[in-house]
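Let the hints inform the model, and build the full structure from the sequences given.
These protein sequences, in sequence, are chains E, C, L and D.
If you read the first sequence in our numbering, its first letter stands for residue 4, the second for the next number, and so on.
If you read the second sequence in our numbering, its first letter stands for residue 4, the second for the next number, and so on.
If you read the third sequence in our numbering, its first letter stands for residue 4, the second for the next number, and so on.
If you read the fourth sequence in our numbering, its first letter stands for residue 4, the second for the next number, and so on.
None of these hints come from the bench; they were simulated from the model.
Backbone N, C-alpha and C fix where the C-beta goes; we use that ideal spot for every residue, glycine too.
Some clues are possibly wrong.
[Unchecked claim] Mimicking BS3-like on lysine-lysine, the simulated pairs with C-alpha atoms at most 27 Å apart in a straight line are: (1) L/K194 / D/K261; (2) L/K102 / D/K280; (3) C/K366 / E/K322; (4) E/K102 / D/K69; (5) C/K63 / E/K169; (6) E/K261 / C/K78; (7) L/K52 / L/K332; (8) C/K63 / E/K102; (9) E/K366 / L/K363; (10) C/K102 / L/K69; (11) C/K63 / L/K69; (12) C/K69 / D/K366; (13) C/K280 / D/K218; (14) L/K322 / D/K280; (15) D/K261 / L/K170.
[To be verified] In silico negatives: residues of chain D with every beta carbon more than 12 Å from chain L: (16) I39; (17) S46; (18) L48; (19) S56; (20) H57; (21) K63; (22) E65; (23) E67; (24) E89; (25) D173; (26) E181; (27) K247; (28) E326.
Protein chains: 4
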Amino acid sequence: MAGNTFGSLFQLTTFGESHGAAIGGIIDGCPAGLEIDSDFVRSELQRRKPGQSHITTQRKEEDEVKFMSGIFEGKTTGHPIGFIIENTNQKSNDYEHIKGAYRPSHADFTYQEKYGIRDHRGGGRSSARETACRIVGGAVAKLYLKHLNISVQAYVSQVGHIKLEKKYQDLDLSKTEESIIRCPDAATAYKMVSYIEDIRKEGNTIGGIVSCVIKGTPAGLGEPVFDKLHADLGKAMLSINAVKGFEYGEGFNSIHFKGSELNDVFVSSGEVENNRKITTTTNHSGGIQGGISNGQDIYFNVAFKPVATIMQDQQSVDKDGNETTIKGKGRHDPCVLPRAVPIVESMAALVLADAVLRNKVAKI
Amino acid sequence: MAGNTFGSLFQLTTFGESHGAAIGGIIDGCPAGLEIDSDFVRSELQRRKPGQSHITTQRKEEDEVKFMSGIFEGKTTGHPIGFIIENTNQKSNDYEHIKGAYRPSHADFTYQEKYGIRDHRGGGRSSARETACRIVGGAVAKLYLKHLNISVQAYVSQVGHIKLEKKYQDLDLSKTEESIIRCPDAATAYKMVSYIEDIRKEGNTIGGIVSCVIKGTPAGLGEPVFDKLHADLGKAMLSINAVKGFEYGEGFNSIHFKGSELNDVFVSSGEVENNRKITTTTNHSGGIQGGISNGQDIYFNVAFKPVATIMQDQQSVDKDGNETTIKGKGRHDPCVLPRAVPIVESMAALVLADAVLRNKVAKI
Amino acid sequence: MAGNTFGSLFQLTTFGESHGAAIGGIIDGCPAGLEIDSDFVRSELQRRKPGQSHITTQRKEEDEVKFMSGIFEGKTTGHPIGFIIENTNQKSNDYEHIKGAYRPSHADFTYQEKYGIRDHRGGGRSSARETACRIVGGAVAKLYLKHLNISVQAYVSQVGHIKLEKKYQDLDLSKTEESIIRCPDAATAYKMVSYIEDIRKEGNTIGGIVSCVIKGTPAGLGEPVFDKLHADLGKAMLSINAVKGFEYGEGFNSIHFKGSELNDVFVSSGEVENNRKITTTTNHSGGIQGGISNGQDIYFNVAFKPVATIMQDQQSVDKDGNETTIKGKGRHDPCVLPRAVPIVESMAALVLADAVLRNKVAKI
Amino acid sequence: MAGNTFGSLFQLTTFGESHGAAIGGIIDGCPAGLEIDSDFVRSELQRRKPGQSHITTQRKEEDEVKFMSGIFEGKTTGHPIGFIIENTNQKSNDYEHIKGAYRPSHADFTYQEKYGIRDHRGGGRSSARETACRIVGGAVAKLYLKHLNISVQAYVSQVGHIKLEKKYQDLDLSKTEESIIRCPDAATAYKMVSYIEDIRKEGNTIGGIVSCVIKGTPAGLGEPVFDKLHADLGKAMLSINAVKGFEYGEGFNSIHFKGSELNDVFVSSGEVENNRKITTTTNHSGGIQGGISNGQDIYFNVAFKPVATIMQDQQSVDKDGNETTIKGKGRHDPCVLPRAVPIVESMAALVLADAVLRNKVAKI
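Rendered as structure tokens:
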């Protein structure tokens with residue numbers, strides 16, 4: 004209820020601040036008998052890890068996950084999977100200068116107002132470090148989905164004004180990891196990286212868009228009214244730090260179509276794939292109709308604002324309303340998008356795994 | 004778990020298809036002692052009602068709500084508020100022609116796949132009639148918020164290519180109800196209505212954007228990680244039929260700003276209002292920082308696609324994959340936006356009322 | 004969260020006071036495709052109905068259930084099943100005499116304290132009339148269980164000091180409905196009825212025990228830690244008005260055995276029934292081990308106190324602490340046990356149906 | 004949903020098996036600003052710890068809890084409190100002999116049936132070691148209750164046939180910790196200990212009753228229908244390993260009273276304590292009426308069976324139905340009751356803390 008649990012049947016509950024002993028979580032409801040490939044979980048964490056390239060923060064965090072329970076002889080037992088990631092590179096003194104001050108567009112002020120107490124070190128619970136736990140939960144969810152031949156792939160499609168003009172269908176998503184910005188189109192990736200380098204030099208930050216594609220879902224995932232599949236995906240994405248918008252299928256662009264232009268016409272596919280013969284000629288719907296997957300690709304966009312921590316001095320006030328200056332120092336990301344890619348995938352995987360389980364009880 | 008309940012402490016659970024005896028719901032968790040102004044609930048339902056103007060469906064539905072419980076001598080008792088709205092204008096035969104067919108971009112196909120059974124009359128549970136229950140729940144939530152001086156106001160800000168260029172700060176939102184399209188700017192409203200008339204004449208449909216502003220929230224609403232206030236708002240909006248996108252604060256536009264430009268600088272307001280003296284000079288954040296309200300206005304946009312039901316013949320297939328034609332007939336909306344305005348407000352009110360209750364247990 | 008919802012996947016949410024327009028509820032999560040035998044639901048309601056014999060209250064209530072949604076052509080659609088039962092025999096004036104007074108051992112005082120407001124007519128939400136909705140939910144759950152060959156049978160095993168000495172294995176449970184007290188042993192039933200007649204004559208009330216047996220469950224139902232199958236059964240029973248205790252298997256009697264005496268020894272059954280060949284020689288465990296069903300019969304006892312409403316004058320106080328006398332009048336049950344039998348079954352059926360659904364996601 | 008979370012607002016989610024790296028959990032929803040006395044938490048764990056006296060198992064476990072998050076400068080921050088307890092004394096080889104066998108009345112068989120996989124070492128998730136996490140959660144809940152002047156005290160009131168005949172009102176509960184059996188009456192405690200010594204010598208086990216008293220609760224805790232306060236207490240107790248029954252107030256004994264004898268008469272107390280002047284002359288109700296606390300003492304009994312692990316050889320079968328013998332060896336408790344006392348208190352404290360928070364949203 005305090006909002007640290009995600010999912011209804013496949014559940015992730017997380018804890019931890021960047022300057023405590025460890026962060027961690029509990030994955031509950033993962034079905035028994037699933038093989039856990041620890042190397043895969045580790046590689047997913049590497050994708051989120053700070054310091055992975057010169058356009059991310061140079062902070063060093065080991066992000067070594069330790070599974071505590073729920074796995075026996077390499078397989079899930081149906082019991083909760085507890086895990087921790089120790090905090091090994093805490094420099095609490097780095098935050099002494101902001102102890103009494105409210106950083107602009109951070110959670111400092113709202114936390115103080117809500118709780119009457121605040122762990123100022125590294126932003127406490129509002130630290131993006133919390134997302135490492137989402138990666139662990141998401142990696143386990145991905146393993147479950149993989150076993151069902153469902154894939155989740157995200158990539159950076161826009162940084163500031165630099166936009167990848169191609170649609171996902173025209174991209175080779177296997178190339179996403181080839182660039183440090185995680186854009187599968189080499190030419191655009193190059194421009195994005197150059198732009199971020201400029202942004203970094205001026206001590207500033209920039210946002211953009213992460214796009215995501217989910218392939219291989221059966222028809223039937225999602226619940227029809229309040230828990231529509233895209234509503235759960237939207238909530239998942241909006242719960243990620245710095246996200247300001249979500250759209251799926253044609254999204255905001257839908258308003259430029261008439262109904263006759265946007266409707267996806269059903270046709271018989273002729274083939275017998277997964278016992279389904281019915282498909283659509285277009286996929287403006289983004290793979291979801293009436294809140295339920297229809298078997299086509301699911302795709303959506305997530306808008307990230309530039310992160311609030313910049314390397315420039317900023318005016319602000321302290322708890323008592325006195326004016327103060329926030330110094331621009333520390334180790335931070337000029338652009339979080341490359342590191343956000345695996346987080347978007349993880350949250351999408353958690354939603355999908357949950358939807359698969361929920362769908363198991365739809366019929367007698 | 005089947006997704007017919009919304010909210011965690013202030014909960015709305017709904018039931019009903021357009022062609023059963025009634026639709027209805029249960030509002031559970033509404034605090035005791037709240038005065039229920041039935042006239043207000045009724046007037047809210049009128050705003051959603053079909054047939055309210057010539058640019059909405061001409062279907063007639065009475066939408067008379069009957070409260071069954073939970074209210075005693077005009078006040079809530081703390082017990083569940085059961086209500087029903089009878090279905091008085093069902094013409095099931097209207098749907099015989101689509102009994103075996105899958106309407107493009109409707110939920111017919113996905114329902115059949117998920118449940119193996121489908122009430123084809125009026126779309127069954129996927130009917131937008133379901134939203135009448137959201138209005139009832141939302142009206143009660145609004146009464147609770149009103150008692151706390153929190154207001155929720157939505158309006159139509161775009162229809163197709165016709166866009167209201169003014170920001171909400173420059174609008175007189177008390178004028179929203181003066182136009183049948185529910186756009187508070189008379190000149191733009193006129194253009195929108197004319198455009199919808201054209202769309203209707205060609206038997207087509209068009210989408211657009213509903214914007215919403217929430218004023219008067221205290222700082223502290225929302226939970227910091229998975230249940231961020233805007234994540235819950237986003238889910239609420241995305242759960243409404245035909246919604247394809249959600250953005251709050253600067254939203255997708257954030258990607259065109261650098262961090263130094265988008266950050267909201269804290270200042271001391273000088274005044275002592277609700278014991279808070281700290282405010283921000285700008286509100287790019289949209290009233291929410293770190294997932295928690297900061298006391299500024301909350302504002303967001305919701306993108307609606309053109310509804311799928313058009314008055315033109317469309318190709319499709321039946322359950323067995325045989326080709327068929329969906330006739331364009333019946334009584335439907337060329338543009339759902341004016342009727343969506345109270346639904347957006349209702350869902351926002353449900354989120355806020357829930358957030359207020361959840362915030363009551365944040366501190367000892 | 005306000006406690007009007009029962010179950011996690013197979014959910015019943017109820018509303019209603021005895022003196023509103025109607026009581027009712029929503030069954031959500033019932034899988035699609037289940038045939039609903041309305042006659043069966045009606046017959047279950049008859050078993051709970053007041054006035055069914057001379058040893059129950061002579062109040063007349065029709066208890067006619069109207070299903071509003073979720074059923075199409077006789078089968079569940081996977082959507083919420085809304086239902087109402089109109090209140091046709093409200094005599095609110097009957098309660099004028101207790102308007103300001105707190106009836107001993109009723110919920111009058113605690114409701115006033117908790118909510119600051121109270122619908123005094125018929126006890127408001129604390130009225131046992133609320134259990135009619137449990138019967139409807141339970142009847143649908145029973146239909147689901149029947150389809151899986153799981154049966155739930157309760158009976159009265161003790162009234163005051165009159166105890167049915169036989170174990171359930173030595174009883175013919177098909178005879179339960181033959182006596183108005185719902186005790187399957189004719190001789191004991193006769194004594195019980197006579198005793199209740201005496202109790203009624205003195206304007207008093209008496210309690211007793213309802214026993215319940217669940218047959219046909221597969222192994223695997225229940226969750227291992229906090230949601231052990233018997234913990235959910237216990238909660239279900241304790242949520243029924245007037246219940247003071249719950250025990251399963253050997254229950255409180257277990258304390259008179261040593262471990263070597265109480266352990267159930269596993270043996271190979273030789274037969275291949277449902278792919279299981281392993282059974283136990285005894286069933287002290289009551290069909291549940293480690294919180295999970297083992298395929299043996301589940302059995303438990305539920306203790307009911309004598310109901311608080313008696314036909315004798317009682318001393319009490321009003322809201323302001325002034326002394327007052329509660330008159331013993333109205334139409335009430337000298338012993339609720341016969342009418343409690345179907346309620347116990349209903350709550351057990353809801354627990355089991357939920358456990359069956361939850362177990363569907365235990366393995367990949 | 005997999006049943007590893009307890010509570011709705013004050014939530015404990017646990018993980019861990021006795022032979023993994025650690026057990027642990029997350030306390031979510033504990034209000035911000037509560038001082039955490041770590042010594043108290045530690046002392047509570049000591050009360051549950053194996054090897055604390057010669058009548059408990061001689062297994063050595065350090066049970067050192069490490070808090071990972073959610074506490075800053077000694078106070079709760081409103082964020083999740085993660086904790087782990089390392090497993091330092093795992094002797095997995097001790098369990099090689101039962102790897103393929105089903106121990107009588109253990110969870111071995113039901114786990115295998117439910118999950119298709121089983122961590123046989125120490126019973127895996129069914130190990131009573133899991134209760135250490137309940138102690139940690141319960142200790143934090145107790146600190147919260149203490150701050151509200153609510154106390155929770157349990158004690159052993161029966162071991163086998165040896166029964167403490169006094170009621171809780173006639174006992175000095177501050178003496179509970181003076182005997183190793185945790186019975187506050189010295190003479191009875193002596194008999195209990197002697198009896199357990201005999202039981203241990205024959206390699207057997209014995210059960211009994213733990214009684215619990217909660218003092219200082221305000222009126223108003225508990226929800227009126229499905230989440231009655233005693234229903235939640237009952238579920239909490241029944242979720243503890245080896246518990247077979249629960250009763251509150253007069254419990255099963257209620258059936259020997261008539262309504263006129265059992266009703267608790269309201270009187271005006273004369274005094275003004277917590278703004279309440281109304282009390283009852285008797286407390287047969289056990290401090291709860293209509294599912295809601297009335298301000299009187301809450302008391303209840305919990306029946307424990309003798310634990311299944313005995314030091315005698317037992318016949319059983321293996322997974323394939325072949326006969327096998329379970330050797331009676333290892334380090335186990337002849338009677339779990341003394342160690343169960345803090346577990347009963349912990350679970351009761353979790354229920355009460357949750358009820359206090361839920362009650363905060365009952366009124367506007």
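Hint check:
About 17 Å separates the Cα atoms of L/K194 and D/K261, which keeps this hinted pair within 27 Å; it holds. For the suggested pair L/K102 and D/K280, the alpha carbons sit about 19 Å apart, so the restraint of at most 27 Å is met. Restraint check for C/K366 and E/K322: the C-alpha separation of about 18 Å stays at or below 27 Å, so the hint holds. In summary, the hint linking E/K102 to D/K69 is supported, as the alpha carbons are separated by about 26 Å, within the 27 Å threshold.
Note on C/K63 and E/K169: the hinted pairing is violated, with a Cα-Cα distance of about 46 Å set against a maximum of 27 Å. Between E/K261 and C/K78 the CA atoms are separated by roughly 46 Å; this puts the pair beyond 27 Å, and the hint is violated. With a CA separation close to 20 Å, the supplied pair L/K52 and L/K332 stays within the 27 Å bound. Among the hinted pairs, C/K63 with E/K102 is inconsistent with the structure: their alpha-carbon atoms are about 61 Å apart, more than 27 Å.
For the proposed pair E/K366 and L/K363, the alpha carbon gap of about 11 Å is at most 27 Å, so the pair holds. Taking the CA atoms of C/K102 and L/K69, the gap is about 26 Å. The hint holds against a cut of 27 Å. Proximity of C/K63 to L/K69 is assessed by CA-CA distance (about 24 Å); at most 27 Å being required, the pair is judged to hold. Simply put, C/K69 and D/K366 have alpha-carbon atoms about 24 Å apart, close enough for the 27 Å limit, and the pair holds.
The hinted pair formed by C/K280 and D/K218 fails the criterion: a straight-line CA distance of about 42 Å is larger than 27 Å. Taking the CA atoms of L/K322 and D/K280, the gap is near 10 Å; set against the 27 Å cutoff, the hint holds. Distance hint between D/K261 and L/K170 is fulfilled; the C-alpha atoms sit about 26 Å from each other, no more than 27 Å. Residue-level check passed: D/I39 sits 23 Å from the nearest beta carbon of chain L, beyond 12 Å.
Against the 12 Å criterion, D/S46 stays outside the reach of chain L, whose nearest CB is about 24 Å from its own CB. For D/L48, the non-interface assignment is confirmed: its Cβ lies about 18 Å from the closest Cβ of chain L, beyond the 12 Å cut-off. Against the 12 Å criterion, D/S56 stays outside the reach of chain L, whose nearest CB is about 19 Å from its own CB. The beta carbon of D/H57 is kept farther than 12 Å from every beta carbon of chain L, the shortest such distance being approximately 18 Å.
Non-interface status of D/K63 relative to chain L is upheld: no Cβ of that chain comes within 12 Å, the nearest being about 23 Å off. A cut-off of 12 Å between C-beta atoms confirms that D/E65 is not in contact with chain L; the least separation is 22 Å. Annotated as non-interface, D/E67 keeps its C-beta farther than 12 Å from every C-beta of chain L; the closest such distance is 22 Å. No Cβ of chain L comes within 12 Å of the Cβ of D/E89; the nearest lies about 20 Å off, and the non-interface call holds.
The non-interface label for D/D173 is consistent with chain L: the shortest C-beta to C-beta separation is roughly 22 Å, beyond 12 Å. Against the 12 Å criterion, D/E181 stays outside the reach of chain L, whose nearest CB is about 23 Å from its own CB. Its closest Cβ contact with chain L, about 5 Å, brings D/K247 to no more than 12 Å, contrary to its assignment away from the interface. Not every CB of chain L lies more than 12 Å from the CB of D/E326, the least distance being 7 Å, so the non-interface label is violated.
Violated hints, listed in ascending order, are 5, 6, 8, 13, 27 and 28; each of the other numbered hints is respected by the structure.
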